[in-house]
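Position chain B relative to chain A; hints supplied.
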Amino acid sequence: MAIVNFKKIKTGLYYACHPHHRNGNGNKSQWTISKPAEISCFTHAHAQAWVDGTRAFGIFPIGNPDYLGVAQERHRQLFLARFEDGNGNQRWHGYPADPQKKAGDRLSEVIKEKWIRTNVLPPAKVRKLQRGEPCRL
Amino acid sequence: MQTLKITIRGSFWDTQLYKDVLYVFELDGAVRLVNWPALVEGLPVPDRCRLAMECSFLRSDYLYGNKWDRLFQDQEIQALLASKFSAALHLPLEVDGQMLDQFTVDRDDSPFPYAPNDTLFYKDHLYAVSQSGVYSQFMSGETVPRNRADRSWEAAVSGLDVNLDVLALAAGDEGLFRSPSATYDLGVSLQPHAEQVSQQLCNDCSYVRSSILSSAHETGATLAEFRAPKRSSERSEEDRSREFWEAKPLSVIKGDDLFQENTAGSFCWGSRDRICMAKDGVLTVIKYLPFNDRRRNLTKPVREIPLHSWKGSPVSGDNAVFGAILELDNALVVVRSDDQVDTFRGEPVNWRVFPRSKHFTNQLHVVYEDRIEILSFNHDYFVDQKTKSFGEPHNEPWSGRTWGT
Numbered sequence: 016m017a018i019v020n021f022k023k024i025k026t027g028l029y030y031a032c033h034p035h036h037r038n039g040n041g042n043k044s045q046w047t048i049s050k051p052a053e054i055s056c057f058t059h060a061h062a063q064a065w066v067d068g069t070r071a072f073g074i075f076p077i078g079n080p081d082y083l084g085v086a087q088e089r090h091r092q093l094f095l096a097r098f099e100d101g102n103g104n105q106r107w108h109g110y111p112a113d114p115q116k117k118a119g120d121r122l123s124e125v126i127k128e129k130w131i132r133t134n135v136l137p138p139a140k141v142r143k144l145q146r147g148e149p150c151r152l
Numbered sequence: 010m011q012t013l014k015i016t017i018r019g020s021f022w023d024t025q026l027y028k029d030v031l032y033v034f035e036l037d038g039a040v041r042l043v044n045w046p047a048l049v050e051g052l053p054v055p056d057r058c059r060l061a062m063e064c065s066f067l068r069s070d071y072l073y074g075n076k077w078d079r080l081f082q083d084q085e086i087q088a089l090l091a092s093k094f095s096a097a098l099h100l101p102l103e104v105d106g107q108m109l110d111q112f113t114v115d116r117d118d119s120p121f122p123y124a125p126n127d128t129l130f131y132k133d134h135l136y137a138v139s140q141s142g143v144y145s146q147f148m149s150g151e152t153v154p155r156n157r158a159d160r161s162w163e164a165a166v167s168g169l170d171v172n173l174d175v176l177a178l179a180a181g182d183e184g185l186f187r188s189p190s191a192t193y194d195l196g197v198s199l200q201p202h203a204e205q206v207s208q209q210l211c212n213d214c215s216y217v218r219s220s221i222l223s224s225a226h227e228t229g230a231t232l233a234e235f236r237a238p239k240r241s242s243e244r245s246e247e248d249r250s251r252e253f254w255e256a257k258p259l260s261v262i263k264g265d266d267l268f269q270e271n272t273a274g275s276f277c278w279g280s281r282d283r284i285c286m287a288k289d290g291v292l293t294v295i296k297y298l299p300f301n302d303r304r305r306n307l308t309k310p311v312r313e314i315p316l317h318s319w320k321g322s323p324v325s326g327d328n329a330v331f332g333a334i335l336e337l338d339n340a341l342v343v344v345r346s347d348d349q350v351d352t353f354r355g356e357p358v359n360w361r362v363f364p365r366s367k368h369f370t371n372q373l374h375v376v377y378e379d380r381i382e383i384l385s386f387n388h389d390y391f392v393d394q395k396t397k398s399f400g401e402p403h404n405e406p407w408s409g410r411t412w413g414t
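As they're listed, the protein sequences go chains A and B.
When we follow this note's numbering, the leftmost residue of the first sequence carries the number 16, and every step to the right adds one.
When we follow this note's numbering, the leftmost residue of the second sequence carries the number 10, and every step to the right adds one.
Between beta-carbon pairs, the in silico distance windows are:
1) A/His35 - B/Asn271: 24 to 32 Å
2) B/Ile314 - A/Tyr82: 25 to 33 Å
3) B/Ser241 - A/Glu99: 52 to 60 Å
4) A/Gly78 - B/Asn271: 35 to 43 Å
5) A/Asn42 - B/Asn156: 42 to 50 Å
6) B/Arg303 - A/His35: 42 to 50 Å
Where chain B lies over chain A, by a calculated footprint (3+ residues, C-beta under 8 Å):
7) 119-129
8) 141-149
By construction, these hints were calculated from the structure, which means they are not laboratory data.
By construction, the Cβ of each residue, glycine as well, lies at the ideal position given by its N, Cα and C atoms.
One chain only, chain A, in its complex shape:
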């Protein structure tokens, strides 16, 4: 069982860099950005209220997103981060999302609308993510 260490982001908000997404686990997508960058990605997503219940989504760096991870089979680069607060107690972890293979990794209605209206990503990119189409930066 992997040890998960939560770090306090601010009062009542914690984040852990889950080892499964950094240890080469063949069943998990893997981060290619550093741990501080992963935490920064989450902190910004939370601050921007890109949160829908126990799910949140982020990109990194803000304003000029770049790839932040690779898919489970490693040959595709990913640029969308998905965060989860599994127990609903503000203890979050995250991973590079793969909307092509997992419908659950696509933006929720609420976050999709926010992202298009505030131009977080161009609408063409959002359409591709939501339809599970290949989406390159």
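Just chain B now, kept in the frame of chain A:
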């Protein structure tokens, strides 16, 4: 004849065109209903271009059919028609916000989720699929409904198609599903529901005859084969729909067996009897053979053409009567039925064709961030519909394929 274009300025998500109403999904969350014939006729065009404008944007069916064959064999008549389209080609067919308002019938908040993944018109109902489910709404064409659309299924769906009142739904890693349409007669005791057809990853789906092609870039394609219900004078359309809905797939065929090569990493799509695959810089078209015509093979090769590498990898595709449309990373490509290739650089927000309409089969709507380009392709009138490689035949009768105007 050349491709004509009307440009509508603004920030939009998607369009639909049904029974002479242009439906525009705007990025602010509104849906706008536009009187399409009035808008086209309101464009400042000289009289000599009126026929070309009408054929291009209002009545794609005018120049099809056997009745014109003798006339079209006449080189002078061909040249005269081409000259009328050429004259229209040089006109600035631009619609600004003020002109769009002038021909807007109604505009209000969309009854559907914001920026749906896909939409489809069928029997006066507009269907939209989104991350939160499958929605339908009767659309009169006169007003935007003030109520929220009905949700028939709560699942993330990225694409849909319909045939004989049965929706095909692409539900990602949940697989391919079928569901009765809003106009299917369920009877009093049944509630709408969806049934899984295939568990394989499905990000897009399309009917090929009465079978359903399921596609996902990572895993490739599969074809769930369904037999079409027979027609007879004693059987109503409702009877056929019921038989079709209650049918189970005869088989689920791997894309590798359709194309004789691995379809993983490709994008596949189909319509009528054509199945297309874009992979590794090549667009391949095959013909899907109906049960009665099969001996050894399920499919027959039709054509292959190479694609320029700068255009990127395949994203999505669809078929129209004027050709096969393929979206790549950096361009939208139309492989025309006359074997010419038109390339439109850039990354569209959305794009759409209307192969099942009666009057708009020649149109391609491409939404970019600051405009919609409504393109009209007018070469297919002179192409032999029986032998063309790319695009659907215009005059092939097939039940349920035409349901709009």
